[in-house]
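Visitor: For the protein sequence lines, the chains are P and B, in the order given.
Going by numbering that gives the first Met the number 0, the first residue of the first sequence is number 0, and it counts up by one from there.
Going by numbering that gives the first Met the number 0, the first residue of the second sequence is number 0, and it counts up by one from there.
One thing to keep in mind: the hints can contain errors.
To be verified - These stretches of chain B come out as covered by chain P in the derived footprint (C-beta under 8 Å, 3 or more residues):
no.	stretch
1	24-37
2	42-49
3	85-93
4	122-131
5	173-187
FYI, nobody ran anything at the bench for these hints, they're computed from the structure.
Heads up, the beta-carbon is just placed ideally off N, CA and C, and yes, glycines get one too.
One letter stands for each residue in the lines below.
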Amino acid sequence: MEIGRQERILLPVKGSFMVLTMTLALLFNLFPWRDVSGLPDMLALVLAFWCIHEPRKMGIGTAWILGLILDAGNGTLLGQHAFAYSVLAFASIALARRVLWFPLWQQAIHVLVLLFSCQLLMLAVRMFSGSAFPGYAYFAGSVIAAALWPAASFLLLMPQRQPELVDENRPI
Amino acid sequence: METTPPPFFNRGPAPLVRLTFFAALAVFLMVLDARFRYAESLRQVLAFAAYPLQRVATAPAQLFGSAAEFFTSQVALERENAQLRARQLQAARDLMTRDSLAAENARLRSLLDARERLPRKSTFAEILYSGRDPFSRKVIIDKGAMAGIQPGLAVVDDIGVIGQVTRVHPLLAEVTLVTDKEQAIPVQVVRNGLRAVAFGSGDGSTLDLRFMAANADIQNGDTLVTSGIDGTYPAGLPVARVARIERDAAYAFAKITCVPTAGTGQHSQVLVLSPEARTPPPAESEPAAPRPAKGKRLKRREG
């Protein structure tokens, strides 16, 4: 479901591709990084992407379950990512109709605000439960992830761009 | 009089309702996990579900590690071999005197009527990766409940204490490092035997000695070892070295910063120390003795 300045009409998205991308993003988040602060939260980026592009297929429930798996896998406070991701999914779905009217780099600014508030929520939850402040490099993650938004939109929309039938007379 | 919308526009509850539901559920879980520790069984189930994913995610790093190990040059191996031989020679010299010293120590301790120190079983483990939670300092090791690891065991490397096992999965265990903000370890100054408790400072690389009086006898460079009075850590393991002391007359306590001895960030091989074979008698029986109400029982025991 594409609105806005799209030069081409896209094919409908495949559910299996959405599942695949979210699994890959989850794997990225579970990858054993060694003390690198400021890592982009790929799962949040992909979740925000599908919530914005396919608000009828992506839901708050999916985001919640993925967040819970991430919490258990990474040993964080149980429910921390689930909470932040469900708020992120809600905000993305609410903004979905607006964001797609903008060019890609302005979409990235919208996404930066979304991801930043997602991180801020997690920070508030963890500070409230007594953890230490992780340093400002923590917020670099959402800046990097937002910078990856144009690339992510290109990659994640790629399967929908391929034409079913190549016809010289009908370029769509 | 139709009041409900036609079914083909029906998309379930409104997003705000769903958000409220899921956010409330998440907050409920967080409170359970942080305050009451009831959520551990749920976490076990979820972690078991996430385990294959984790294995897949760690596979590339492990493959890279083993490939790098395979292609280590012969020169590096020879050098390491020579170093290890030199260290073994030195260790052998220490070992020869150790037996006689241990016997002498045991004799002296029995003379002093002190409890014997028993050897501990230790399990070798490897650090798989450090936890991806930026708010805490944790590492994940490759031995879990199936290898006999229990929560609360001390973890050391070859030069000092690394931390404590805080959560155990069937095949993995989480070790909270001594530099974590919520981790405390009872220590003793080697120079004068002064006891204190070291807490992680939260910045990830240092420890704090909290609640030490401003005139406490601590100097820069003092070595802190475990005092062993907690029953968790064996006594005498190096923990940290005092790096900076700020004594401010405005405060009752000095601000003492220490640097951990063990490489909490570098090493990949660790030992998990099991508790002593014979547990010390429970502490409750000792203060019970002077109470007058228990006098009868005491007399009977004496008679």
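Visitor: Taking the hints in turn, state whether each one holds.
Guide: Against the structure, the hints come out as follows:
no. : hint    : verdict
1   : 24-37   : holds (count 9)
2   : 42-49   : holds (count 5)
3   : 85-93   : violated (count 0)
4   : 122-131 : holds (count 5)
5   : 173-187 : holds (count 3)
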